[in-house]
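A.B. asks: These are the residues of each chain, in order.
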Amino acid sequence: MRVVLADHGAGNVRSVAAAFGRAGATVALSTDPGEVTEAQLVVVAGVGHVRSAARGLGALAGALRTRAERDRPTLGICVGLQLLFDESEEGGSGLGLLRGPVRRLRARLVPHMGWNDLGVVRASPLLGGLDGADVYFAHSYAAEPRDDVATALVEHGSPLVAAVEAGPLAGVQFHPERSGAAGARFLRNTLAWAGGW
Amino acid sequence: MVKKRVIPCLDVAGGRVVKGVRFQQLRDVGDPVELAERYSELGADELVFLDVAATVEGRSPLSLVERAAERLEIPFTVGGGIGGRDDAQTLLRAGADKVAVNRAAVDTPELLTELADEFGSQAVVCAIDARGGEVVTHGGKRPRGLAAAAWACEAVRRGAGELLLTSIDADGTRDGYDLELTAAVAAAVGVPLIASGGAGEAAHLAQAFRAGAAAALVASIVHERPERLPELKQELREAGWSVRS
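From first to last, the protein sequence lines are chains L and H.
Mapping of the first sequence onto my numbering: residues 259 to 455, in sequence order.
Mapping of the second sequence onto my numbering: residues 12 to 256, in sequence order.
Since the hints were made in silico from the structure, they are not lab data.
Check each hint, because a few of them may be wrong.
Said to hold, decoys possible - The following label-pair restraints were derived from C-beta to C-beta distances:
#	chain 1	residue 1	chain 2	residue 2	range
1	H	124	L	389	36 to 46 Å
2	L	260	H	236	26 to 36 Å
3	H	191	L	327	58 to 68 Å
4	H	214	L	454	47 to 57 Å
5	H	249	L	317	37 to 47 Å
6	H	251	L	361	49 to 59 Å
7	L	354	H	164	50 to 60 Å
8	H	74	L	454	37 to 47 Å
What the hints assert, rightly or not - Far from chain H, by Cβ distances over 12 Å, these chain L residues were calculated:
#	residue
9	309
10	319
11	358
12	361
13	378
14	398
15	414
16	435
17	449
Predicted model only: the values in this text are computed from it and were never measured.
Just so it is clear, CB atoms sit at the ideal spot from N, CA and C, and this is done for glycine as well.
Isolated chain H (complex conformation):
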């Protein structure tokens, strides 16, 4: 049976990791690939690099993606600010295993189909930010008048092979994932769902899995103390969840 995944998310800007990740033994704490390798050693099942494309502004995100593709022994997704087909294609061709498309997919849902046709739906993640069950974009500022579950169904029908569902309400609270939202979307679709926003302890990940998530995104909880990652997985294992050792 496929294992439940724990996925650290790294926020990147200008080629550096921007949210405080406190690895002590690394020379250069801000290098995303070096951090990613350390998470991989600590048992991360996958990684997400966010905002790589959003922060290009003259700098090429490609060197980061190419280096990650060559050095990582686990899969990684690149997302945040993917403007359209060209961005997504460039990142996938550079070696990203998946791209997470958010606003561009809401604006132009056909994009999901185009990408799935060329790269396969397993490479196409639709990232959905939700507030009060509704889809929002532009960092949570713009409501789109779409119910998250309905948009999730459409995204899957159009070619998304995975959903990255972030509750803007729960994000950063460490009070747990938005379980109602997670359960509603997971029940509506037939693709794996990554729950995101609100992780504070292992019990929260377990709740998200129980609600139907195939994977759980973690950020500040592991960035603060990366050794927390193997502990989380051990706690999940002890609670009876099937996770990779």
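Next comes chain L alone, as it looks inside the complex:
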């Protein structure tokens, strides 16, 4: 499958591209709205802030909205997941494709950094075989969905949303590209899921 990474200057784009390559996909980075609208699977990566990521997306924001309207699959990773939501406490505004804010974590240690076990709360083809798996997190903010879109939670002071899925939109707060064998499995699941749309 050909995967298009929406290129908005995020630091981890190269790692995400390589990981999808290992999972068997052909990967292209793109800043072209037409290409992002049409691709079989689009991935929005990102680290750090929703604010800078949203700014970086620019013209691709419209393309991502059009994809959602046309039922074409999109995966957000880390800040890419947060970008699917409405607004962020740090001031940035997301795509608003899913309802709910993005808030700063209120745990003893922030960022939530390291390997933590994924608790699947709703069956999802993307998370097949991953209930209880250790995956890598590195974030200071998390989405708080208003609707029932969470498919996995992770415990860090309180339960945080670790994965979401709503129709053709999916997102993970962890980093599959840095989550060893579990991450690789997630990426293969994602390619199979995207092929079904």
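Fit chain H to the given chain L structure using the hints.
C.D. replies: For chain H alone, kept in the frame of chain L given last:
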């Protein structure tokens, strides 16, 4: 609950690993990415490449960072000799998950804020070398008149999302981490702390975790015999610590 991390540290110079790492089955024992992959297979939770930037001198550290970013399935930090914003940005844009900034942050604490604003604080590690509880730089030679815990608090306030705390006193001794220092700094901040310097056995890592460290850096203890890494993690697990299997 987030697992305690065990992090091998590789010293790199001129694109090669310089401290004796004794992997027998590797073709090229000096290639940092190849070594890193082997540590990853053995269960390393993360990796630190040190002195990559310090030893550039005409050679680009980028090929190393780019190759590591493409090939590794675990996160990695690049540190040592990062002179300022340009170095850090270049390394992060090349795919390093985090940069560890040491002297440049002591000299210009605003650097931490600038990097956190652009890349997020999860990408910004403040490396602190301490001797007798005081911050030192220049390989431990220059005391900076700052208490380690006070500097740690300031670094976090300015944007560091993690601390890599090395006790110069304990480094290389294999007698255990500096627990007093680790506990003092861990209690003072609300970000994860990586204890560094002095690891000789699993009990030392456990002591550092008990003192409040979220992660423990290991060097010679695993370089000498890399298969020691999974053993260490198993011993920690048997002692009741939650570590990734």
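A.B. asks: Hint by hint, which ones does the structure fall short of?
C.D. replies: Of the numbered hints given earlier, those the structure breaks are 2, 5, 6, 7, 9, 14, 15, 16, listed in rising order.
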